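Colleague: As they're listed, the protein sequences go chains A and B.
When you line the first sequence up against my numbering, it's residues 1 to 364, in that order.
When you line the second sequence up against my numbering, it's residues 1001 to 1293, in that order.
Hints in this document: simulated from the structure, not taken from any laboratory.
There's no promise every hint is true.
As the list claims (entries may be wrong) - Here are a few chain A residues that sit away from chain B, every Cβ distance over 12 Å (derived from the structure): (1) M97; (2) L180; (3) M199; (4) R348.
To be verified - A partial selection of chain B residues facing chain A, derived with a Cβ cut-off under 7 Å: (5) Q1104; (6) V1187; (7) E1189; (8) A1190; (9) A1192; (10) I1193; (11) D1194; (12) G1195; (13) A1196; (14) P1208.
Stated by the list, open to error - As a list, the in silico DMTMM-like pairs of lysine to aspartate or glutamate whose alpha-carbon atoms are at most 25 Å apart: (15) B:K1257 to B:D1234; (16) A:K350 to A:D263; (17) A:K185 to A:D29; (18) A:K251 to A:E325; (19) B:K1185 to A:E160; (20) A:K179 to A:E26; (21) A:K154 to B:E1189; (22) B:K1197 to A:E72; (23) A:K154 to A:D248; (24) A:K154 to A:E129; (25) B:K1185 to A:D77; (26) A:K185 to A:D248; (27) B:K1197 to A:E110; (28) B:K1197 to A:E108; (29) B:K1185 to A:E110; (30) B:K1197 to A:E75; (31) B:K1185 to A:E75; (32) A:K21 to A:E176; (33) B:K1185 to A:D166; (34) B:K1197 to A:E26; (35) A:K154 to A:E26; (36) B:K1185 to A:E72; (37) A:K360 to A:E340; (38) A:K21 to A:D166; (39) A:K360 to A:D29; (40) A:K131 to B:E1189.
Predicted, not measured: the structure shown is a model, and the values here were computed from it.
Using N, Cα and C, we set each Cβ at its ideal position, and we do this for glycine too.
The lines below spell out each chain.
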Amino acid sequence: MASVTLRDVSKTYPGGFEAIKGISLEVGDGQFCVLVGPSGCGKSTLLRMVAGLETITGGDIDIGGRIVNQIEPAERDIAMVFQNYALYPHMSVYNNMAYGLRNRGMGEPEIDTRVQEAARILELGAMLERKPGQLSGGQRQRVAMGRAIVRQPKVFLFDEPLSNLDAKLRIAMRVEIRKLQRRLKTTSIYVTHDQLEAMTLGDILVVMNGGRVEQIGNPLEIYQKPATTFVASFIGAPPMNLLPLRSDEIKSQFAGVSRVTGDAGLLGIRPEDFVISSDGVAGGIALGLTVEAIERVGAETFIYGSRQHEGQGIAANPGELPPGEVIVRIPGAIAPAIGERIRAIAPREKLHLFSADGRKRIDL
Amino acid sequence: MENRAIFSGKLLPYLLILPQLAISLIFFYWPALQALQQSFLVQDAFGLSTEFVWFENYVNLLQTREYYQAIGVTFVFSALVAVFSLTLGLLLAVMANRNIRGVQIYRTFLIVPYAVAPAVASVLFIFMFQPGLGMIARALQRSGVDWNPVLNGTHAMILVVIVAVWNQISYNFLFFLAGLQAIPKSVIEAAAIDGAKPMRRFWTIVFPLLSPTSFFLIIVNITYVFFNTLGIIDTATGGGPNGATQTLVYKVFQDGKVGTDLGGSAAQSVILMVIVVALTAFQFRYVEKKVHY
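Same shape as in the complex, but just chain A (with noise of 0.2 Å):
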């Protein structure tokens, strides 16, 4: 048991780059953190800081109370789960497993206490003696838990451990690490670009955008108040519409909300927050659509409608940007047609405001 706290990591390249620029984070004893962006944001990168596999050229990486610098990945006391997996092809799922208690000098009567106990929570006692070769994407992924598991370390680390497996087997598996993590009660650190992922395993979500932290908090709060335009449509799917308002628009939109400033900005709203309806919206927004594509999927619809120039609410500036394309998303099957015009209402309380270059977030 263990918290991990990162206190303005970074790392350089040899050859300039940087790959994380200052990131500093505290996941509590017994946490579940999540590690999410799109790939190149430095995700894995940080976990493998973590792990010892990358040296850091800045800040202090603290495991349980002990700063970890310079130590070697074994002593840190973590485990590891890879992508791939990385199990040890010449080596039975038994063995697989005993490798690093063996390392670490432990009795055998002991390791097989653990294994077997491993093989039981994760249901793999009948492929003990087979070889990762003969095992399923899903059996490998366990086995790969399993040699985590068996080790009982301060910390675990995930490193995209579903984006090998199918569809139905990653939600199954993404299910079964939430439960097992709850209930060994070990802190994880898990990295994915799967936001959906990121949104049902984590405790905390740590939001990365080329090499920095756009956003640290829980997977409700995010969601409801995205701190930046890029958190905004990295979390939620289909992703948060944004639309750019002209000053003046600002200004007549949210007259007597202290913090808004004359500036011109960008408004968020989430697909779901629409309704489609030709009632007054007093204080929220009313958008004309042309509906240019419908996609049905079973419980919910998405509309992508194009933004009429001449529609009612917020006209879009032509000169400027072309007029963005608006996804609306609706409980159930029955939609309009295609060509057709809707009118999309969200209330005030829906609405987002960003600064105009999305990097600030003005609370309404």
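Use these hints to put chain B onto chain A, whose structure you have.
Modeller: Here is chain B on its own, set in the frame of chain A:
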């Protein structure tokens, strides 16, 4: 599903393997059969009469002391060359697989010896080890070793082993390096996190995963030593002194080409073929079982 082009007809596959098959038949099987036929014949010195003598060539062969000496020399020579060229090749590959400055230059230079023809390699080493002239020979003599491969059989053996090893290391290096690079980095990292120190990591993870490469190289190396070292031995020692470096294949060459005992030489060829086939079969049968693919 796998996408495969399917051709109808039975002729095409045979046509496609025909060139390779033709080369094997003309250059390997035909001469092999000729050797087999010739091993039952005795010819007089001028090639005027040929007599079928059944197994007389073999019987004579097995009664000569030199033949047993050649067998012994061959096994000592091949064991030494295989062991040293494999271990050194592996060692260099492990070194060159690390992230060090200029690693591409090392890799390139480590492959160069393979481009040197065996006979040329021999000449290079003769110069260096020539008693009285060679720089290494003189350094040895100055440090008190009475180095003389021309007279001392052990020294002669050391010399040809060095040349053969030097010539063969590059090949082993190349394959070991490719084998090492095929091992996923994450497996090594997982072992590091699992608490295995570098040496233990090497013996428990890397070495077992290299076993297909090692197995392949053992067979190739043995075959190399048995046959391809003819040029090295001929140039460096000529089989001497007193047969100390006369391997089986060199004796075939000596007796047949130089001594014009075609029947006896052919009988040796046949025995040599049997030995190599048996060795390879043995390796496939017993060593391959321990290989983890």
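Colleague: Okay, which hints does this one fail, numbers in order?
Modeller: Numbers 1, 5, 23, 24, 26, 29, 32, 34, 37, 38, 39, in rising order.
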